[in-house]
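K.L.:
Read off the chains here:
There are 2 protein chains.
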Amino acid sequence: MSDLLNEDEIKTLIKKVPEWELEGKELVRVAEFDEFMEGIDFVDGVAEIAEEANHHPDIDIRYATVTLRVTTHEVNGLTDADFDLAGRIDNLLD
Amino acid sequence: MSDLLNEDEIKTLIKKVPEWELEGKELVRVAEFDEFMEGIDFVDGVAEIAEEANHHPDIDIRYATVTLRVTTHEVNGLTDADFDLAGRIDNLLD
Numbered sequence: 012m013s014d015l016l017n018e019d020e021i022k023t024l025i026k027k028v029p030e031w032e033l034e035g036k037e038l039v040r041v042a043e044f045d046e047f048m049e050g051i052d053f054v055d056g057v058a059e060i061a062e063e064a065n066h067h068p069d070i071d072i073r074y075a076t077v078t079l080r081v082t083t084h085e086v087n088g089l090t091d092a093d094f095d096l097a098g099r100i101d102n103l104l105d
Numbered sequence: 012m013s014d015l016l017n018e019d020e021i022k023t024l025i026k027k028v029p030e031w032e033l034e035g036k037e038l039v040r041v042a043e044f045d046e047f048m049e050g051i052d053f054v055d056g057v058a059e060i061a062e063e064a065n066h067h068p069d070i071d072i073r074y075a076t077v078t079l080r081v082t083t084h085e086v087n088g089l090t091d092a093d094f095d096l097a098g099r100i101d102n103l104l105d
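Protein sequences appear in the order of chains A and B. Using our numbering, count along the first sequence one by one with no gaps and you end on 105. Using our numbering, count along the second sequence one by one with no gaps and you end on 105.
Since the hints were derived computationally from the structure, they do not count as laboratory data. A hint or two may mislead.
The calculated lysine to any residue pairs, modelled on SDA-like cross-linking and capped at a C-alpha distance of 20 Å, are [unchecked claim]:
| id | chain 1 | residue 1 | chain 2 | residue 2 |
| --- | --- | --- | --- | --- |
| 1 | B | Lys26 | B | Leu15 |
| 2 | B | Lys36 | B | Ala92 |
| 3 | A | Lys36 | B | Tyr74 |
| 4 | B | Lys36 | B | Asp91 |
| 5 | B | Lys27 | B | Val41 |
| 6 | B | Lys36 | A | Tyr74 |
| 7 | A | Lys27 | A | Val39 |
| 8 | A | Lys36 | B | Arg73 |
| 9 | B | Lys36 | A | Arg73 |
| 10 | B | Lys26 | B | Lys36 |
| 11 | A | Lys36 | A | Glu85 |
| 12 | B | Lys27 | B | Asp95 |
Full structure from sequences and hints, please.
P.N.:
Structure, rendered in structure tokens:
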């Protein structure tokens with residue numbers, strides 16, 4: 012299991028995933044698509060990555076807007092695993 | 012577009028979809044699975060139905076728990092389209 016990151020580590024890592032916002036102990040990314048099914052395709056891609064990493068974001072679908080929230084519940088905060096997952100999800104959207 | 016249903020109509024229709032809770036102006040169903048990917052498969056099935064009906068529920072995924080919220084935003088309440096969608100989604104889980 013990854014270790015809890017401290018504030019300085021988080022400040023450094025967040026710069027590598029600029030599409031994500033830090034909200035409390037979570038990384039949050041809102042992805043907006045033109046159509047509902049594009050959002051669903053994105054969720055399917057996220058799911059595949061999440062399952063592979065055994066690290067699963069919270070996913071909210073509001074028509075064509077998908078919000079992802081990533082944290083490590085086991086340590087009640089952010090770890091390398093969260094930033095790794097965020098980076099891999101970003102690759103889906105590049 | 013479907014017409015807004017009155018309270019009596021809603022009371023009758025909700026009996027046909029007993030897995031759904033009435034929460035304010037929404038129908039809500041929480042579907043719990045054993046594994047994350049089962050929930051994702053369910054969401055894919057819901058998406059197909061929703062796209063066909065051109066009526067899209069809010070979908071929240073929390074690991075293997077999927078929460079659906081159905082309402083008709085255009086009339087700010089529940090319509091036949093909501094109960095039709097709920098019933099069709101239930102067929103996925105029977």
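K.L.:
List in ascending order the numbers of the hints, as given earlier, that are violated by the structure.
P.N.:
Of the numbered hints, all hold.
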